[in-house]
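Hey, can you work out the whole structure from these sequences and the hints?
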Amino acid sequence: MSEEKSLHFLEEIIEDDLKAGKYQSILTRFPPEPNGYLHIGHAKSICLNFGLGIKYGGKTNLRFDDTNPVTEETEYVESIKDDIRWLGFEWANEFYASDYFSNLYEYALVLIKKGLAYVDDLTSEEIAHLKGTPTEPGKDSPYRNRSVEENLTLFTAMKEGKYKDGEKVLRAKINMAHVNMLMRDPIIYRIKHAHHHRTGDAWCIYPMYDFAHGQSDSIEHITHSICTLEFVPHRELYDWCIENLEIFPSHQYEFARLNMTYTVMSKRKLLQLVNENFVSGWDDPRMPTLSGFRRKGYTPGSIRNFCDKIGVAKRENMIDISLLEFCLREELNASALRVMAVLEPVKLIIDNYEAGKTEIMISENGPDESMGTREVPFSKELWIEKEDFMEVPVKKWFRLAPGAMVRLKSAYIVKCESFDKDAAGHITAIHCTYLPESRSGADTSGIHVKGTIHWVSAAHAVNAEVRLYDRLFKSENPAAEEGDFKEHINPDSLHIITDAKLEPSLTTATPDHRYQFLRKGYFCVDKDSTADKPVFNRTVTLKDTWVKEAKRY
RNA sequence: UGGGUUAUGGUGUAACGGUAGCACUACAGAUUUUGAUUCUGUCUGUCUUGGUUCGAAUCCAGGUAACCCAACCA
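Reminder that position 293 of the first sequence reads as 302 in our numbering, one-by-one numbering, no gaps.
Be careful, since some hints might not be right.
[Claimed, not checked] Computed cross-link-like contacts, BS3-like style, restricted to lysine-lysine with a CA-CA straight-line distance of at most 27 Å: (1) 459 to 424; (2) 418 to 276; (3) 148 to 173; (4) 168 to 123; (5) 122 to 182; (6) 122 to 148; (7) 276 to 318; (8) 323 to 278; (9) 418 to 366; (10) 366 to 356; (11) 557 to 405; (12) 557 to 542; (13) 28 to 14; (14) 395 to 366; (15) 483 to 405; (16) 140 to 201; (17) 31 to 323; (18) 356 to 395; (19) 405 to 356; (20) 90 to 318; (21) 405 to 552; (22) 140 to 182.
[Claimed, not checked] Have a look at the derived ranges for each label pair, beta carbon to beta carbon: (23) 112 to 209: 43 to 51 Å; (24) 436 to 16: 54 to 62 Å; (25) 353 to 209: 50 to 58 Å; (26) 346 to 436: 28 to 36 Å; (27) 265 to 204: 21 to 29 Å; (28) 286 to 326: 29 to 37 Å; (29) 404 to 366: 32 to 40 Å; (30) 404 to 431: 37 to 45 Å; (31) 326 to 114: 34 to 42 Å; (32) 332 to 166: 54 to 62 Å.
Hints in this document: simulated from the structure, not taken from any laboratory.
Ideal Cβ positions, reconstructed from N, Cα and C, are used throughout, including at glycine.
Here it is in structure tokens:
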């Protein structure tokens with residue numbers, strides 16, 4: 010208990026600030042743009058911002074950065090709030106950048122009056138052309154030296170809708186030769202005659218990100234404004250605005266965003282997958298969205314734990330998705346209810362077992378005794394997995410094969426006597442005899458078998474659809490591959506089994522429980538599930554050292 | 001070719017001038033009525049070249065590499 014976890018750089022900054030008395034308490038914020046669903050990369054930011062608030066006794070605001078009405082929708086606002094709550098965090102205040110449109114407009118006026126902003130009539134192409142390149146300085150716009158009065162008149166007219174989209178913009182007057190491209194008279198207001206999801210048609214001019222984000226932070230008195238690395242060059246402009254507006258000095262700090270193997274993490278790409286029907290929607294279980302992970306059966310705790318384990322730093326990273334799966338299995342192993350389900354069924358007939366007889370077997374619900382036990386019916390005809398029988402066994406095979414014995418989990422030891430094949434050579438039934446004295450919990454047979462397999466009584470089985478998901482991409486880093494990232498989609502990312510056989514206890518399965526289908530993986534009830542047709546999603550497989558071993562033969 | 005940011009095992013992340021540690025992965029073994037879990041063990045690392053120092057992953061100088069910046073997106 011004595012070992013102390015070292016602090017990451019943001020925690021160090023905060024502790025220094027607190028110690029120096031710079032702030033009495035901290036205030037962070039999570040600032041999504043409502044133009045898409047949240048993904049696992051956002052989870053890192055959410056856990057960081059809210060986690061810091063909790064750790065240092067501060068607060069965290071949720072603020073929607075909704076300054077671009079053409080891409081933003083209320084549907085996204087709702088999904089984002091659902092996802093944050095699901096992850097387990099509560100925001101101190103729900104704010105919107107659009108709440109501050111009036112303040113922001115006043116700030117623009119302040120800049121104009123100080124001679125630090127001007128209205129430009131150039132087209133977007135002309136502005137881009139005069140901007141220069143990273144190696145060549147830009148050139149001044151011919152409209153750069155308009156008088157304060159003229160700028161005031163023009164900007165007011167912009168606000169009043171006297172101009173069409175793109176006809177004029179308001180620019181900060183900084184330095185067209187600045188080495189930082191963002192400081193070369195950045196556009197801070199543009200005209201968009203578009204309906205805003207919250208302000209409706211009240212405005213036809215909207216502030217750009219750089220003229221909204223820092224000021225919004227300042228208005229809320231955010232102490233530590235944490236964002237990702239690509240915003241590093243924006244910090245200079247962020248500080249410039251705050252300084253020249255003479256408002257509360259929030260400070261921006263940047264960390265490296267999360268990248269994960271076998272997936273993509275940009276909203277633009279995820280939107281493509283949805284729009285072009287590569288997946289069924291934002292919450293398709295193959296998506297790296299929080300709603301996708303939720304539907305697939307991931308727990309919020311496992312994601313929080315993952316975000317804690319990956320750390321926070323400033324270097325580019327590519328996290329192995331197996332770490333996320335490790336966190337998931339760690340939690341599910343301790344909490345999931347154990348049940349038996351046969352995914353690829355083949356009939357097993359116990360020749361020396363009385364026809365029509367049913368025995369009730371007692372099986373434990375989990376590794377922890379406190380999870381209790383349940384009753385599982387057993388009879389002469391059972392379903393077992395096709396893959397648990399080998400006509401010609403390989404080395405180290407300790408499942409069923411002609412003449413071989415296995416334990417039927419929580420029931421008897423059986424010995425394979427023969428099997429039936431159809432004309433096509435498929436095995437249609439496996440005949441066994443059982444050892445009556447080997448009953449689970451009362452075994453006097455003295456026989457120890459190496460293999461134990463799961464089963465479901467055919468007469469009592471419940472049919473179900475089971476959806477098996479695999480990674481969406483074949484490539485570790487599809488975004489970095491040549492060509493379109495969609496060329497690297499895994500064609501076998503979804504395998505649907507329509508006639509899985511479940512033990513009858515699963516008829517009462519609920520969406521809020523996680524189940525371990527013994528030896529097969531963790532599963533949950535899908536939202537498509539009905540009483541007539543149960544549907545289960547595979548959350549993740551169990552680790553399987555046998556598949557690797559089997560490949561050697 | 002300008003500016004900014006970053007370099008520690010296969011992947012993440014610590015070590016704040018004093019034994020390069022932890023986790024994941026991989027591999028080997030033990031236990032196991034889940035080939036799961038659990039337990040034990042093994043492999044692999046300070047970008048490079050100099051310098052300062054009794055001592056450098058850490059400080060200094062020069063290289064090299066990766067990522068970001070020329071949207072009326074955020």
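- Take the C-alpha atoms of residue 140 and residue 201, compute the straight-line distance between them, and say whether it is at most 27 Å. At roughly 22 Å apart (the allowed maximum being 27 Å), residue 201 and residue 140 satisfy the hint.
Problem - residue 404 paired with residue 431, Cβ distance criterion 37 to 45 Å - result: For residue 431 against residue 404, whose Cβ atoms are near 28 Å apart, the range 37 to 45 Å is violated.
Between residue 265 and residue 204, does the C-beta distance stay in 21 to 29 Å? With a Cβ separation near 36 Å, residue 265 and residue 204 fall outside 21 to 29 Å, so the hint is violated.
Taking 28 to 36 Å as the stated bounds, is the beta-carbon spacing between residue 346 and residue 436 within them?
Distance hint for residue 346, residue 436 holds at roughly 31 Å.
Beta-carbon spacing of residue 332 to residue 166 - inside the hinted bounds 54 to 62 Å or not: Distance hint for residue 332, residue 166 holds at roughly 56 Å.
| query | Is the straight-line distance between the alpha-carbon of residue 418 and that of residue 366 27 Å or less? | reply | Given that 27 Å is the threshold and the Cα spacing comes to 19 Å, the pair holds.
### Task
Mind checking the alpha carbons of residue 405 and residue 552 for me, to see if they're no more than 27 Å apart?
18 Å, holds
Can the suggested window of 32 to 40 Å be confirmed for the beta-carbon pair residue 404 and residue 366?
37 Å, holds
Note to self: Tell me if the straight-line CA distance from residue 122 to residue 148 falls inside 27 Å.
What the structure shows: Judged against 27 Å, a Cα distance of about 23 Å means the pair holds.
Between residue 366 and residue 356, is the straight-line Cα distance small enough, at 27 Å or below?
At roughly 17 Å apart (the allowed maximum being 27 Å), residue 356 and residue 366 satisfy the hint.
Holds or violated: are the alpha carbons of residue 28 and residue 14 at most 27 Å from each other? Answer holds: residue 28 to residue 14 is near 19 Å, not above 27 Å.
Q) Has the given pair, residue 395 with residue 366, been kept, meaning a C-alpha gap of at most 27 Å? A) Since the Cα atoms of residue 395 and residue 366 sit roughly 24 Å apart, the hinted pair holds (cutoff 27 Å).
Going through the hint list in order, the structure does not satisfy hints 2, 12, 15, 23, 27 and 30.
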